[in-house]
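2 protein chains.
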Amino acid sequence: EIVAAIEAALGDGPLAGRRVLVTSGPTHEPIDPVRYIANRSSGAQGTAVARALAALGAQVVFITGPAEVPPPDGVELVRVESAAQMAAAVQEALPADAGVFAAAVADWRVASASDRKLKKTRDGMPALEFAENPDILKSVAQMDAGRPRLVVGFAAETDDVIAHATAKRARKGCDWILANDVSPDTGIMGGSENAVTLITDKGPETWPRMGKDAVAARLADRIAAALAE
Amino acid sequence: EIVAAIEAALGDGPLAGRRVLVTSGPTHEPIDPVRYIANRSSGAQGTAVARALAALGAQVVFITGPAEVPPPDGVELVRVESAAQMAAAVQEALPADAGVFAAAVADWRVASASDRKLKKTRDGMPALEFAENPDILKSVAQMDAGRPRLVVGFAAETDDVIAHATAKRARKGCDWILANDVSPDTGIMGGSENAVTLITDKGPETWPRMGKDAVAARLADRIAAALAE
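Chains A and B supply the protein sequences, listed in that same order.
With my numbering applied, the first sequence corresponds to residues 1 to 229, in that order.
With my numbering applied, the second sequence corresponds to residues 1 to 229, in that order.
If you are wondering where the hints come from, they were derived from the structure by calculation, not from laboratory data.
Be aware that a few hints might be false.
Below, simulated EDC-like cross-link-like pairs (lysine to aspartate or glutamate); rule was C-alpha separation at most 16 Å, straight line [stated by the list, open to error]:
{"id": "1", "chain 1": "A", "residue 1": "Lys-117", "chain 2": "B", "residue 2": "Asp-185"}
{"id": "2", "chain 1": "A", "residue 1": "Lys-119", "chain 2": "B", "residue 2": "Asp-160"}
{"id": "3", "chain 1": "B", "residue 1": "Lys-119", "chain 2": "A", "residue 2": "Asp-159"}
{"id": "4", "chain 1": "B", "residue 1": "Lys-168", "chain 2": "B", "residue 2": "Asp-201"}
{"id": "5", "chain 1": "B", "residue 1": "Lys-117", "chain 2": "A", "residue 2": "Asp-107"}
{"id": "6", "chain 1": "B", "residue 1": "Lys-202", "chain 2": "B", "residue 2": "Asp-175"}
{"id": "7", "chain 1": "A", "residue 1": "Lys-138", "chain 2": "A", "residue 2": "Asp-107"}
{"id": "8", "chain 1": "A", "residue 1": "Lys-117", "chain 2": "B", "residue 2": "Asp-160"}
{"id": "9", "chain 1": "B", "residue 1": "Lys-138", "chain 2": "B", "residue 2": "Asp-175"}
{"id": "10", "chain 1": "B", "residue 1": "Lys-119", "chain 2": "A", "residue 2": "Asp-107"}
{"id": "11", "chain 1": "B", "residue 1": "Lys-117", "chain 2": "A", "residue 2": "Asp-185"}
{"id": "12", "chain 1": "A", "residue 1": "Lys-138", "chain 2": "A", "residue 2": "Asp-175"}
{"id": "13", "chain 1": "B", "residue 1": "Lys-119", "chain 2": "A", "residue 2": "Glu-132"}
{"id": "14", "chain 1": "B", "residue 1": "Lys-119", "chain 2": "A", "residue 2": "Asp-160"}
{"id": "15", "chain 1": "A", "residue 1": "Lys-168", "chain 2": "A", "residue 2": "Asp-107"}
{"id": "16", "chain 1": "A", "residue 1": "Lys-119", "chain 2": "B", "residue 2": "Glu-132"}
{"id": "17", "chain 1": "B", "residue 1": "Lys-138", "chain 2": "B", "residue 2": "Asp-107"}
{"id": "18", "chain 1": "A", "residue 1": "Lys-168", "chain 2": "A", "residue 2": "Asp-201"}
{"id": "19", "chain 1": "A", "residue 1": "Lys-119", "chain 2": "B", "residue 2": "Asp-107"}
{"id": "20", "chain 1": "B", "residue 1": "Lys-168", "chain 2": "B", "residue 2": "Asp-107"}
{"id": "21", "chain 1": "A", "residue 1": "Lys-117", "chain 2": "A", "residue 2": "Asp-32"}
{"id": "22", "chain 1": "A", "residue 1": "Lys-117", "chain 2": "B", "residue 2": "Asp-159"}
{"id": "23", "chain 1": "B", "residue 1": "Lys-168", "chain 2": "B", "residue 2": "Asp-135"}
{"id": "24", "chain 1": "A", "residue 1": "Lys-168", "chain 2": "A", "residue 2": "Asp-135"}
{"id": "25", "chain 1": "B", "residue 1": "Lys-117", "chain 2": "A", "residue 2": "Asp-160"}
{"id": "26", "chain 1": "A", "residue 1": "Lys-119", "chain 2": "B", "residue 2": "Asp-159"}
{"id": "27", "chain 1": "B", "residue 1": "Lys-119", "chain 2": "A", "residue 2": "Asp-135"}
{"id": "28", "chain 1": "A", "residue 1": "Lys-117", "chain 2": "B", "residue 2": "Asp-107"}
{"id": "29", "chain 1": "B", "residue 1": "Lys-117", "chain 2": "A", "residue 2": "Asp-159"}
{"id": "30", "chain 1": "A", "residue 1": "Lys-119", "chain 2": "B", "residue 2": "Asp-135"}
Ranges between beta-carbon positions, derived for each pair [as the list claims (entries may be wrong)]:
{"id": "31", "chain 1": "A", "residue 1": "Lys-119", "chain 2": "B", "residue 2": "Asp-221", "range": "25 to 35 Å"}
{"id": "32", "chain 1": "B", "residue 1": "Thr-186", "chain 2": "A", "residue 2": "Thr-206", "range": "42 to 52 Å"}
{"id": "33", "chain 1": "B", "residue 1": "Glu-68", "chain 2": "A", "residue 2": "Arg-209", "range": "26 to 36 Å"}
{"id": "34", "chain 1": "B", "residue 1": "Ala-111", "chain 2": "A", "residue 2": "Ser-112", "range": "13 to 23 Å"}
{"id": "35", "chain 1": "B", "residue 1": "Ala-111", "chain 2": "A", "residue 2": "Asp-160", "range": "20 to 30 Å"}
{"id": "36", "chain 1": "A", "residue 1": "Arg-209", "chain 2": "B", "residue 2": "Asp-144", "range": "52 to 62 Å"}
Heads up, the beta-carbon is just placed ideally off N, CA and C, and yes, glycines get one too.
Given the sequences, and given the hints that come with them, work out the whole structure.
Shown next, in the form of structure tokens:
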């Protein structure tokens, strides 16, 4: 790790000269000035991936929602709140050699978000109208020009993990999906370990349960190998 | 817990021997295992109030949602997530001499909360059905027997602060409302200062803008004076 840090500082390392985009954390979608919809993501895995990529010498742009864990050192940091802000930040950060989309982006926003606090009424909760958020992973994976050579998505699933993640890879058009089982009884969401399956064009590859830092190091190595091909 | 009670009873201070309940922080209402609805509350003001009450010798039961700021020392700490859990914790913590309800409790929960991750469908967002949460402040303020002598509510408003808070005091049946203006341009939500108006049976009393610790100290002094009457 010290060697990696020195290599990164000297601009060596297998990812020296590569620009990699990493999204991380949850997004917050405002309902009104005091309420919002959030995703249960600590940002721990995305942060670890960004740190591991930087340690291999990559120039990392780290675009993060309001995460619990602090961002890594040695990256270009962009803080956002909502999915729309994250999508804009991603577009601004391109082009890149690779993109790792680890953020838990809200699929929907509240189209009727109010700039005044919504009040209880006799009829109950004011109706919320939802609108679909931009699909950041898909839009980057399916770019006509300027697509990163390697686009990696994440999938957080609670059941049929491999089937859902394999379908997601095809639907989004990304190269890899790193899928993890976030069922409440795994303790992964918010925990320090992860049990992941990497889905590539060769099919699913289940990794042993290991620390999020170890998952990140292994993924960074694989990204370096893929970009070296 | 017993030790704390004895210490509080033996302590000096104008609130020695008094048991005070304080709620604080946001609540999180689950939509599915990875999504929830939250309120923008750091827990800073409620935490400061609990600390100030303990400093005056009170035995404080501190019931907090997932707040950003750490809980104070020297209190009996109860951590909850949802409004329903907070309501149950409050009932369990009674009886008390006074209750300060500073938490930003969600008015609604998702009645159709799922234990599986909701999927995007061709028709868009799965319909969410909402149900009204228990009104913690009102239920304590309107207890037939065992009501705390002093029940203090908080109101976070973005417009017509005094009118809304005065109406809230009457509607809930509480003794006092501490109202604050959380319009985004005040910087109060998540900030270190607060600009409050205390609504009592004598009407509104607007305090100068001051630190949240100073607001808490002033409120604790007023609570001590009211319980000494």
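Status of each hint after checking the structure:
no. : hint                              : result
1   : A:Lys-117 / B:Asp-185             : holds (14 Å)
2   : A:Lys-119 / B:Asp-160             : holds (13 Å)
3   : B:Lys-119 / A:Asp-159             : holds (12 Å)
4   : B:Lys-168 / B:Asp-201             : holds (13 Å)
5   : B:Lys-117 / A:Asp-107             : holds (12 Å)
6   : B:Lys-202 / B:Asp-175             : holds (10 Å)
7   : A:Lys-138 / A:Asp-107             : holds (12 Å)
8   : A:Lys-117 / B:Asp-160             : holds (11 Å)
9   : B:Lys-138 / B:Asp-175             : holds (11 Å)
10  : B:Lys-119 / A:Asp-107             : holds (9 Å)
11  : B:Lys-117 / A:Asp-185             : holds (14 Å)
12  : A:Lys-138 / A:Asp-175             : holds (11 Å)
13  : B:Lys-119 / A:Glu-132             : holds (12 Å)
14  : B:Lys-119 / A:Asp-160             : holds (13 Å)
15  : A:Lys-168 / A:Asp-107             : holds (14 Å)
16  : A:Lys-119 / B:Glu-132             : holds (12 Å)
17  : B:Lys-138 / B:Asp-107             : holds (12 Å)
18  : A:Lys-168 / A:Asp-201             : holds (13 Å)
19  : A:Lys-119 / B:Asp-107             : holds (9 Å)
20  : B:Lys-168 / B:Asp-107             : holds (14 Å)
21  : A:Lys-117 / A:Asp-32              : holds (6 Å)
22  : A:Lys-117 / B:Asp-159             : holds (8 Å)
23  : B:Lys-168 / B:Asp-135             : holds (12 Å)
24  : A:Lys-168 / A:Asp-135             : holds (12 Å)
25  : B:Lys-117 / A:Asp-160             : holds (11 Å)
26  : A:Lys-119 / B:Asp-159             : holds (11 Å)
27  : B:Lys-119 / A:Asp-135             : holds (14 Å)
28  : A:Lys-117 / B:Asp-107             : holds (12 Å)
29  : B:Lys-117 / A:Asp-159             : holds (8 Å)
30  : A:Lys-119 / B:Asp-135             : holds (14 Å)
31  : A:Lys-119 / B:Asp-221: 25 to 35 Å : holds (32 Å)
32  : B:Thr-186 / A:Thr-206: 42 to 52 Å : holds (51 Å)
33  : B:Glu-68 / A:Arg-209: 26 to 36 Å  : holds (30 Å)
34  : B:Ala-111 / A:Ser-112: 13 to 23 Å : holds (20 Å)
35  : B:Ala-111 / A:Asp-160: 20 to 30 Å : holds (26 Å)
36  : A:Arg-209 / B:Asp-144: 52 to 62 Å : holds (54 Å)
Of the numbered hints given earlier, the model fails none.
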